[in-house]
Structures are given as structure tokens and as C-alpha cells.
Amino acid sequence: MKKILLVGNPNVGKSVIFSRLTGVSVIASNYPGTTVEFSKGSIGSGEKKTDVIDVPGTYSLDPTSPAERVATEMIEQAIKEKNSIVIDILDATNLERNLNLTLQLLKKDIPIIVVLNLWDEAKHIGISIDVNRLQEILGVTIVPTVAITGQGIKELVGRLGEAKKGKYQYDDKERWHEIGRIIDEVQVIKHKHHTVGERLTDLTIHPWTGIPIAIIFLFLIFHAIRFIGEGLINLVFAPLFEGLWAPVMMKFSELIGVDSFFHKLLIGQLIEGQIDFGESFGVLTTGLFVPFGAVLPYIIAFYLVLSFLEDSGYLPRLAVLLDNTMHTIGLHGMATVPMFLACGCNVPGILATRILETRRERFIAATLMSIAIPCMAQTAMIFGLLGEYGPRGLVPVFVTLFMIWLVAGILMKLLVKGESPEIFTEIPSYRLPYFGILLKKVWMRIKWFLKEAVPFVLLGVFIVNILYTLGIIDILGNIAAPVVTKLLGLPREAAGVLMFGFLRKDLAVGMLAPLQLSMKQLIIASVVLTMYFPCVATFAVFLKELGIFDMIKAAIIMIVSAFLVGSLLNLIL
Amino acid sequence: MVCATSVKKRTVETKMANVDLTQMKAGQSGIVTEIHGGYGMTRKLDAMGIRLGVRITKVSGQIMRGPVVVRTGNTQVAIGFGMARRVVVEV
Numbered sequence: 001m002k003k004i005l006l007v008g009n010p011n012v013g014k015s016v017i018f019s020r021l022t023g024v025s026v027i028a029s030n031y032p033g034t035t036v037e038f039s040k041g042s043i044g045s046g047e048k049k050t051d052v053i054d055v056p057g058t059y060s061l062d063p064t065s066p067a068e069r070v071a072t073e074m075i076e077q078a079i080k081e082k083n084s085i086v087i088d089i090l091d092a093t094n095l096e097r098n099l100n101l102t103l104q105l106l107k108k109d110i111p112i113i114v115v116l117n118l119w120d121e122a123k124h125i126g127i128s129i130d131v132n133r134l135q136e137i138l139g140v141t142i143v144p145t146v147a148i149t150g151q152g153i154k155e156l157v158g159r160l161g162e163a164k165k166g167k168y169q170y171d172d173k174e175r176w177h178e179i180g181r182i183i184d185e186v187q188v189i190k191h192k193h194h195t196v197g198e199r200l201t202d203l204t205i206h207p208w209t210g211i212p213i214a215i216i217f218l219f220l221i222f223h224a225i226r227f228i229g230e231g232l233i234n235l236v237f238a239p240l241f242e243g244l245w246a247p248v249m250m251k252f253s254e255l256i257g258v259d260s261f262f263h264k265l266l267i268g269q270l271i272e273g274q275i276d277f278g279e280s281f282g283v284l285t286t287g288l289f290v291p292f293g294a295v296l297p298y299i300i301a302f303y304l305v306l307s308f309l310e311d312s313g314y315l316p317r318l319a320v321l322l323d324n325t326m327h328t329i330g331l332h333g334m335a336t337v338p339m340f341l342a343c344g345c346n347v348p349g350i351l352a353t354r355i356l357e358t359r360r361e362r363f364i365a366a367t368l369m370s371i372a373i374p375c376m377a378q379t380a381m382i383f384g385l386l387g388e389y390g391p392r393g394l395v396p397v398f399v400t401l402f403m404i405w406l407v408a409g410i411l412m413k414l415l416v417k418g419e420s421p422e423i424f425t426e427i428p429s430y431r432l433p434y435f436g437i438l439l440k441k442v443w444m445r446i447k448w449f450l451k452e453a454v455p456f457v458l459l460g461v462f463i464v465n466i467l468y469t470l471g472i473i474d475i476l477g478n479i480a481a482p483v484v485t486k487l488l489g490l491p492r493e494a495a496g497v498l499m500f501g502f503l504r505k506d507l508a509v510g511m512l513a514p515l516q517l518s519m520k521q522l523i524i525a526s527v528v529l530t531m532y533f534p535c536v537a538t539f540a541v542f543l544k545e546l547g548i549f550d551m552i553k554a555a556i557i558m559i560v561s562a563f564l565v566g567s568l569l570n571l572i573l
Numbered sequence: 001m002v003c004a005t006s007v008k009k010r011t012v013e014t015k016m017a018n019v020d021l022t023q024m025k026a027g028q029s030g031i032v033t034e035i036h037g038g039y040g041m042t043r044k045l046d047a048m049g050i051r052l053g054v055r056i057t058k059v060s061g062q063i064m065r066g067p068v069v070v071r072t073g074n075t076q077v078a079i080g081f082g083m084a085r086r087v088v089v090e091v
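Protein sequence lines, in the order shown, are assigned to chains G and Y.
If you count the first sequence from 1, position 221 lands on 221 in the numbering used here, and the numbers rise without skipping.
If you count the second sequence from 1, position 20 lands on 20 in the numbering used here, and the numbers rise without skipping.
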């Protein structure tokens, strides 16, 4: 066997089964379209090692979105290569709709094995399926599973060898008719009344109750992130840095001597004879403090809350409620999901724009998030710097960014050519997040952050110190001085900050700390840093997803609007 | 009294009417009788199980021409206003 493709409708649990089969962790959530890129892992070992591929979800082999096109192409590819099999994963609570894809797959020249996932939930809501009869009809092996607990996975692995081509014959025009017949034969639904729980969950999607509930939820989300983030800082990270690490660094400082070059590089400046993790700017002081002491607590907080939201199934409902708002910027409600992800990091945000159907929507969404949505790392640093001024310092930054998001969106809706279709999405049922899986997902995201961020920040602090010592930042400052000082009202050293914003935005905000800026200057610098250009990671993924031409267009929009808005703020604040 | 209201209700129910999804009331259900759309739209609806002859129930509509949420079988689907207007059901 060459490879195994996991194929199925969106949100049936393919990614969970993938993790179970391969031990490779991938992000799974409770909304359609979590997997927009395929993931690859393997099963078995040595000679018997087989690649397993988690294919993005698709409702049919007649694709309607970029993610679905990827899925269809991958299946065609596997058919051409021969020697591969498909594990077709169905949501047992939605057998009728899911069989549509299965029947299409059965006509393809590839062996398949069928999995009925969410078996426990189907039973729970009173659906019983005659697996043996369904096996007879379709002529392929069927394994019921509960992926989230691992039930049935062992059986599935043991029976992979039974995969075979379907023998079920039908006329394509009569497909739904055929499905209806199969359903009548194998499925019994115990009739039940609308439960209290269902009525309650329906309230979250009715406008008169849903909008107030959404406002309360968003308020709670914001406060939960702040509460967890600040709690972690006060209880864990601040004591660690101040109590444990600072004394070690002070000893180290004495050891290597305050005036040496290495002191400057590793520890930085002592502020009134002490290490100041915000301002000293050595690789081992500020370099470690920015990612671990200031940003990580908020990353943990954000992803805990986001993952809970994702797994609960609330996001698609929020998407429906916000559909109108998103239409004013040329998108539809589902664009809420990538926007939410972008608040954590723009990179997964831009990748998630694949759930949008057209290129126009993807361009607008990706540009808007690069221009007006600061990632959690940058937000945490902005909170760190402007937090002492309270709402007076923070509100202007985020209100300005929101207005830019809205105005730039409205302008792009008018100016960017192309189509924006309407929302059309499945609304999954609410599920209580499974705690173990949720924590695993949060851990994966934190690991990803540590891997992506820490080396860049350390390297950044290192280069900053070298460039300062060589006087290069001064030279750059002088060149950029007219723009930076006259237009933006910032000191000329801020030119260097803008340069390092390309490397890491959180680092760049951190570089503002030693400059002793006023509140007004901090507000302007925070806004301009968010807008003027994406960081290198976002830049790379934007380029890959939308191409050089769109990247240039987006970059022009960003640079022009950043300096325009920055100058305006300088005039009115 | 109780009897009278239930009879009245029944007469309203038995009177068939063709309305589109945006005109349906939340909680109302009906059989899809017409879909006015091209190949792309029909195909998208079809993949979600919305096609002629299927019974669907409206879950909610939104203010200001927002999307309509309907339930068919055990699936809930959000459909944009413009598309929802082109799906006709008999209630």
C-alpha cells in the first residue's frame, strides 16, 4: 500500500482520526474547514510504512471552494498513482448527506473503507444504523468509531487490508434517490421532540437574542484573555524573571564586567544599577523576557480561549450574526473565522482565508488582517507598554485600528474587482470541548509560537545590539529622520524600530521601551507598526498564498495608509 | 374554546402556500418545490442535502437581509439572503 487518504465531509472528525492513526498532532476544531492544507503522517514501520494524508473536507467531488479543489485533486492524483486507498469518514449523525460523497467515491477506481464516526453521538440523539446491511449494500467494509475517545480506531487499523473498490452501481442522476432508498433500509430515527438544550442553542442564532449573547460572549472572551494573561504574568512569569533570573543575571553582570562588549550584547544597559527586562536590551535579558515573560502568557491565554470557542461550535454562529457587517467590507460571515485566527497570528489567519471562495475575498481578507489586526504577541507588548495609561492609552490604538479595518475594507470592496459570493455554510451542533484534545491543541500552538518566535527575537536583539554598536542605526535614523520625526512626531531612533518590525513585531514594540516616548508617541508608533508592513513570516505566507502581484498591491496599500494614518494621529492627538 | 383555536390553526396549515426561505417564519417547515439558480448554486445546495422534495425547517433569519439558517435532517445550514430568496418551499 502506498498511501492512505482520509476523505470526508468537512467537520466529521478527519483530523482527529488522522491524529489517532499517525500520532501526528494536527489542529481540529468544530467548524467546517479547519484543515485547509493537507497534513501528512505515517502508519506502521519499516517495509510496511504507509503515508497517511488528511485531506481537506469536501461535500462532493465537484468542488466549490479552493479547499475542496485541493481535496478533489488529491484523490485524482492517488487514483493515477495506483496502490493507494481511501478511508471515507462519515458523520453518523448525518448519514444521508454524507453518503452523497461516499457514493461518488464508490464510482472511482480506488479501494475504500468506510468509517462511521461520531457513533456515540448518533446513538445519543436516537439514530440507529444497521451497519451490516449498509456493508452489504455498498459492498465495502464499514467501521463505526468514536475518534475523540479512540473507540474503533484499533479495529480500523486491523481492517485496512479489507479496503476494496465499491461494487455499488447506480445512475448518477438518481444519486439522491438511491441515497434515500439506502437510508430507508438502514437507518431508524427515534422521533424526539425539540429538547430544552436545542431551544437554548437556537437562541444563539436568532437575531434578537443572538446579538446580545454575542456581545456578552465577546466581552467575556476579551476579559478571559486579559484575566488569564495577567494572572500568568503576576503569578508565574514575573516572579520567575524578577525573583530567579534577575539575580543570576546580576551575578553574571559582575562576572563579565559592565563595560565589556559582551555585557552590552548579553545583558545590555543596567538601568540605575539594576537589570530592567523591558529596557536593558541584552540577548539574555530583554531577548528572553519579550517572548517568555511578556508574550507567552498572552499566547497561552488567547489560544486557550480560542480553542475552546473553536471546539464548542460557536464560531459559525457568530459568522451568521456578523454576516451583514462583513458584507460592508466585501466579505461574508465566514471571514470572521480567519479574522479571529489572525488575532493570534496573521500566518494561520491568511492560511484560513482558503475557506473563502474567491480570490477577491481572499485578497481583501488577507490584506485587512495584515494591515489592521495585530497578532497576540504584538498586542501583548502594546498592553505592556501602554497598559500603565489604562484605557486612555489603549483605546485610541485599537479604535484606530478597527476604523482602518472598516474603512480599508469598504474601499477595497469598491475598488477590488471580482466576485464575493454569499455565505453558505454548515452550522455544526454544539459540542462540549473534550478537555484532553483541547489542551493538546493549545500546546501545539504554543510549541509553534516558541519555535517561530523565540529564535527570531533572540536573533533580533543580537542584531539590534550589533547595529547600534556599529552606528548603523544612527545612520538609518538620520536618513529616515524627515519622515519619522516630521510626519509621525517620533524620535529618529524609531526608524530602527520600523526596520526590525519586519523581523518580529513584538520585538519592535519592545524596542520602543528604552526610547522614553510620550503616550501620544507610543500610540502613534503602535498603530504605525501594526500597519506599515507585515512581519517576515506573514509576508512569506501572503506571497505563497496570493502571489507577488497581490503582495505588491497589498504592500503599497499598507505603506501609504500607515504613514497617512500616522501623520493624522500626530496632528489630532 | 380550545377546540375552536385548534380548528382554526388547522385550516391555516392545510392551506398550501409557496414562499421562499426568507419569507418563512422561524420554526416553520415545508417541502422544497423550486430552486431558481444556476448549476453552481444547485450543486452547492445539493451537496448539503437541500434539493427538490426535501423537507426543511427554518431555524432563524437575521435582520437587514442577513443569512437564513435552515435545518434538513440533522444538518443546519446558513444560506445567504440572495440565495435563500431563490429557494421556494411549500408550507
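A hint or two may mislead.
Label pairs and their calculated CB-CB ranges [said to hold, decoys possible]: (1) G:Val188 - Y:Ala26: 45 to 55 Å; (2) Y:Tyr39 - G:Tyr170: 45 to 55 Å; (3) Y:Gly40 - G:His124: 30 to 40 Å; (4) G:Asn234 - Y:Ser29: 37 to 47 Å; (5) Y:Gly40 - G:Arg159: 32 to 42 Å; (6) Y:Tyr39 - G:Lys49: 34 to 44 Å; (7) Y:Ser29 - G:Lys154: 18 to 28 Å.
Covered stretches of chain G (in silico footprint by chain Y; criterion: 3 or more residues with CB under 8 Å from a CB of chain Y, positions within the stretch not fixed) [claimed, not checked]: (8) 88-96; (9) 317-324; (10) 416-426.
The calculated EDC-like cross-link candidates involving lysine to aspartate or glutamate, where the alpha carbons are at most 20 Å apart (straight line), are [to be verified]: (11) G:Lys173 - Y:Glu34; (12) Y:Lys25 - G:Glu121; (13) G:Lys173 - Y:Asp46; (14) Y:Lys25 - G:Glu136; (15) G:Lys108 - G:Asp130.
By construction, these hints were calculated from the structure, which means they are not laboratory data.
Keep in mind the model is a prediction, meaning the values are calculated, not measured.
No residue lacks a Cβ here, since even glycine has one placed at the ideal position from N, Cα and C.
We went through each hint and held it up to the structure:
no.	hint	in the structure
1	G:Val188 - Y:Ala26: 45 to 55 Å	violated, 29 Å
2	Y:Tyr39 - G:Tyr170: 45 to 55 Å	violated, 21 Å
3	Y:Gly40 - G:His124: 30 to 40 Å	holds, 36 Å
4	G:Asn234 - Y:Ser29: 37 to 47 Å	violated, 54 Å
5	Y:Gly40 - G:Arg159: 32 to 42 Å	holds, 38 Å
6	Y:Tyr39 - G:Lys49: 34 to 44 Å	holds, 43 Å
7	Y:Ser29 - G:Lys154: 18 to 28 Å	violated, 42 Å
8	88-96	holds (count 3)
9	317-324	holds (count 5)
10	416-426	holds (count 6)
11	G:Lys173 - Y:Glu34	holds, 18 Å
12	Y:Lys25 - G:Glu121	violated, 29 Å
13	G:Lys173 - Y:Asp46	holds, 12 Å
14	Y:Lys25 - G:Glu136	violated, 42 Å
15	G:Lys108 - G:Asp130	violated, 25 Å
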